[in-house]
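K.L.:
Line by line, the protein sequences are chains A and B. When the first sequence is numbered by the numbering used here, its final residue is 370 and no position is left out of the sequence of numbers. When the second sequence is numbered by the numbering used here, its final residue is 281 and no position is left out of the sequence of numbers.
In short, the hints are calculated from the structure, not lab data. Incorrect hints may appear among the rest.
Said to hold, decoys possible - What follows is a list of derived Cβ distance ranges for each label pair:
#: 1; chain 1: A; residue 1: P291; chain 2: B; residue 2: G255; range: 55 to 63 angstroms
#: 2; chain 1: A; residue 1: A282; chain 2: B; residue 2: D173; range: 14 to 22 angstroms
#: 3; chain 1: A; residue 1: T318; chain 2: B; residue 2: A61; range: 36 to 44 angstroms
#: 4; chain 1: B; residue 1: R94; chain 2: A; residue 2: E370; range: 31 to 39 angstroms
#: 5; chain 1: B; residue 1: P217; chain 2: A; residue 2: H184; range: 19 to 27 angstroms
#: 6; chain 1: A; residue 1: G257; chain 2: B; residue 2: D173; range: 35 to 43 angstroms
#: 7; chain 1: A; residue 1: G257; chain 2: B; residue 2: P217; range: 18 to 26 angstroms
To be verified - One side only, chain B facing chain A, incomplete, derived with CB under 8 angstroms:
#: 8; residue: V122
#: 9; residue: R126
#: 10; residue: A169
#: 11; residue: L171
#: 12; residue: E183
#: 13; residue: R249
#: 14; residue: D261
From the three backbone atoms N, C-alpha and C, an ideal C-beta is built for every residue, glycine too.
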Amino acid sequence: MLNIFYIEFKRLRCLPGANFACFPDDPDDPREILELPRQGPHIYLEAMSALANAGVLMTMNRRTCLAAGLALAATPILRVVPAGAAGGFAVEVAPGVFVHRGQHAVFTPANQGDISNPGFVVGRDAVAVIDTGGSPIVGRALKAAVTAVTDVPIRFVINTHMHPDHVFGNVAFAAEGLTFVGHHKMERGLLARADRYLAINKELLGAAAFEGTKILPPTMQVAATETLDLGGRTLELTAQPTAHTDNDLTVTDSATGTVFMGDLLFVEHIPTIDGSIKGWMALLDRFGQTPPARVVPGHGPAALTWADAATPLQRYLTTVATDVRALIKQGRTLAEATESAGASEKDAWQLFDEYHKRNVSAAFAELEWE
Amino acid sequence: MQVHRLTWKASFAAAALAIVAVGASPVTAAEPASGNALIEADLWPTLQKDIFGAKVPAENASVVTIEAPPRADDAALVPVTVRIPADAAKRVTRMTLIVDKNPAPVVAEFAYGPAAGEGERVLSTRVRVDMYSNVRAVVETDDGKLHMATKFVKAAGGCSAPALKDTDAALADAGRMIVKTLETTDAAAGLRQGQLMIKHPQYSGLQLNQATGFYIPARFVREIDVKRGNDLVFKMTGGISISEDPNFRFTYAAGSDETLDVTATDTEGKVFTGRTGPKGS
Chain A
1 MLNIFYIEFK
11 RLRCLPGANF
21 ACFPDDPDDP
31 REILELPRQG
41 PHIYLEAMSA
51 LANAGVLMTM
61 NRRTCLAAGL
71 ALAATPILRV
81 VPAGAAGGFA
91 VEVAPGVFVH
101 RGQHAVFTPA
111 NQGDISNPGF
121 VVGRDAVAVI
131 DTGGSPIVGR
141 ALKAAVTAVT
151 DVPIRFVINT
161 HMHPDHVFGN
171 VAFAAEGLTF
181 VGHHKMERGL
191 LARADRYLAI
201 NKELLGAAAF
211 EGTKILPPTM
221 QVAATETLDL
231 GGRTLELTAQ
241 PTAHTDNDLT
251 VTDSATGTVF
261 MGDLLFVEHI
271 PTIDGSIKGW
281 MALLDRFGQT
291 PPARVVPGHG
301 PAALTWADAA
311 TPLQRYLTTV
321 ATDVRALIKQ
331 GRTLAEATES
341 AGASEKDAWQ
351 LFDEYHKRNV
361 SAAFAELEWE
Chain B
1 MQVHRLTWKA
11 SFAAAALAIV
21 AVGASPVTAA
31 EPASGNALIE
41 ADLWPTLQKD
51 IFGAKVPAEN
61 ASVVTIEAPP
71 RADDAALVPV
81 TVRIPADAAK
91 RVTRMTLIVD
101 KNPAPVVAEF
111 AYGPAAGEGE
121 RVLSTRVRVD
131 MYSNVRAVVE
141 TDDGKLHMAT
151 KFVKAAGGCS
161 APALKDTDAA
171 LADAGRMIVK
181 TLETTDAAAG
191 LRQGQLMIKH
201 PQYSGLQLNQ
211 ATGFYIPARF
221 VREIDVKRGN
231 DLVFKMTGGI
241 SISEDPNFRF
251 TYAAGSDETL
261 DVTATDTEGK
271 VFTGRTGPKG
281 S
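Model the full assembly from the supplied sequences, consistent with the hints where possible.
P.N.:
Quick look at the structure:
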């Protein structure tokens, strides 16, 4: 059920299953694939489909792409969205699945809390927003991106975990008939930290970007798994055991197999351990056994393959754990460990100096009990 | 000891006042601490009198030194090491660890026993640091004099931060203890190095449960006796400024019976015990 079509993409080809996909010309563009389900017979699409199946890779110029879009729009459930209609804020990583890519930064007045990857999934009857960014400003921008591409109402705001850069935009969505959804342990974790989170964010963001920030914990708790029906597609929510935090929730879109992993995946941005390094490594191993088709990380490109997203993270966590365990075995102290453990990872991550020693500290305090 | 108790009472009174202030006006509480002249003032002259009475500790690196990071990576888990050189160790009877600006400034007092040993005496632990503060070790020698070492630590939020990363696991494991002899070459001749770890949430009484609107009641490890055989290594009397899962590394004298025996008591009267095997484990 696709109701959005971006014309920023220039290349179109047929995928197995006779869907179309647009590819951006720039190989570094995070919008890897835009899939277009074939909606009934249409002579234009049929012709392209035949060519694509014959192995002809078509390069479409803007006008051709627009024509294809108009053709798609001719079927009642589709409509064409002009390029940049989502305000350029969110990119469509799979049909009806949008992600905004936040910056790799700590909270500053300049970035206004736009430092994580919120997104949304559009169904026939409902839109679900997944994470809301680190301030009401980011939340409002995300909400505008939703209304730019669809009239379907936002019914759910799902938080992947309690951290401020993922929940402080919640306030922008508060409305009658809207359900906030989170891991059943998220409320406890968030409320216990609320005072500090608010004080720190106010200090880091400055009064202007902090204005209107409110803590809105989940009104629907996920203890194990839950399914949200958006109409034509469902979201499977899974409460994960302690890993990045003790309240990580994953969101799987049934229509495209896209999994919003929240901060269970960090790409480019150094991971931060606020749960259990052992739990996190075990979780990544488990997901790796049946890797999702496409994942959205909490920090990094809008969407990636499992291997691209998980491999560097697994290497980091394994390196830190291995180094820390060796130092514990040698009788070294926590202070000594923060100086040396995981140093080989320094050049592999952004914000290494901000978070690495704290990670080692957390890993040490956990692993010394083995 | 009388003075010490008064200090504790004063500390908790201050903590209680802080709670009232926060409860009454969350807006004020969120203001940067730097705007508060009371907090900015040097607390040490008053604090020193509260803790040590008329005795004035003097900085003296030949008797005590302290190591702490200039900027804490985690304010709830700041590693601190106190070293007492071999020449001074045999004369040192007690050591007090202080974080000036914490709601409860006295982190802990360690009274040394005969098994503390006579070589370089080293003790490492982890403390909470609530705001930028001096961290001090004050030792008393057998002539009654006080000697001090000081380090400034940039950290904030250690006491009110809910350090528990996995609340359920932390509570399920509370009271678990590991006591071991470390195989390190750090300890001087005639000394061993031991480590004591206790699983305990160390609730500071300053952590707000916003779901209920109540502060989680303070509950922390109050006393720890560490003995080698029948001889005391040290007796610790401590408070909320010791980090979650209290952790101590310490030197002690080698002896015929090298088993370390530990008894810890928390504020709810729960007693935890642990010991090493004969050769350490």
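K.L.:
Does each hint fit the structure? Answer for all of them.
P.N.:
Verification of the supplied hints:
no.: 1; hint: A:P291 <-> B:G255: 55 to 63 angstroms; in the structure: holds, 57 angstroms
no.: 2; hint: A:A282 <-> B:D173: 14 to 22 angstroms; in the structure: holds, 18 angstroms
no.: 3; hint: A:T318 <-> B:A61: 36 to 44 angstroms; in the structure: holds, 42 angstroms
no.: 4; hint: B:R94 <-> A:E370: 31 to 39 angstroms; in the structure: holds, 34 angstroms
no.: 5; hint: B:P217 <-> A:H184: 19 to 27 angstroms; in the structure: holds, 24 angstroms
no.: 6; hint: A:G257 <-> B:D173: 35 to 43 angstroms; in the structure: holds, 38 angstroms
no.: 7; hint: A:G257 <-> B:P217: 18 to 26 angstroms; in the structure: violated, 48 angstroms
no.: 8; hint: V122; in the structure: violated, 10 angstroms
no.: 9; hint: R126; in the structure: holds, 7 angstroms
no.: 10; hint: A169; in the structure: holds, 7 angstroms
no.: 11; hint: L171; in the structure: violated, 12 angstroms
no.: 12; hint: E183; in the structure: holds, 6 angstroms
no.: 13; hint: R249; in the structure: holds, 7 angstroms
no.: 14; hint: D261; in the structure: violated, 21 angstroms
When the structure is compared with the earlier hints, violations turn up for hints 7, 8, 11, 14 and for no others.
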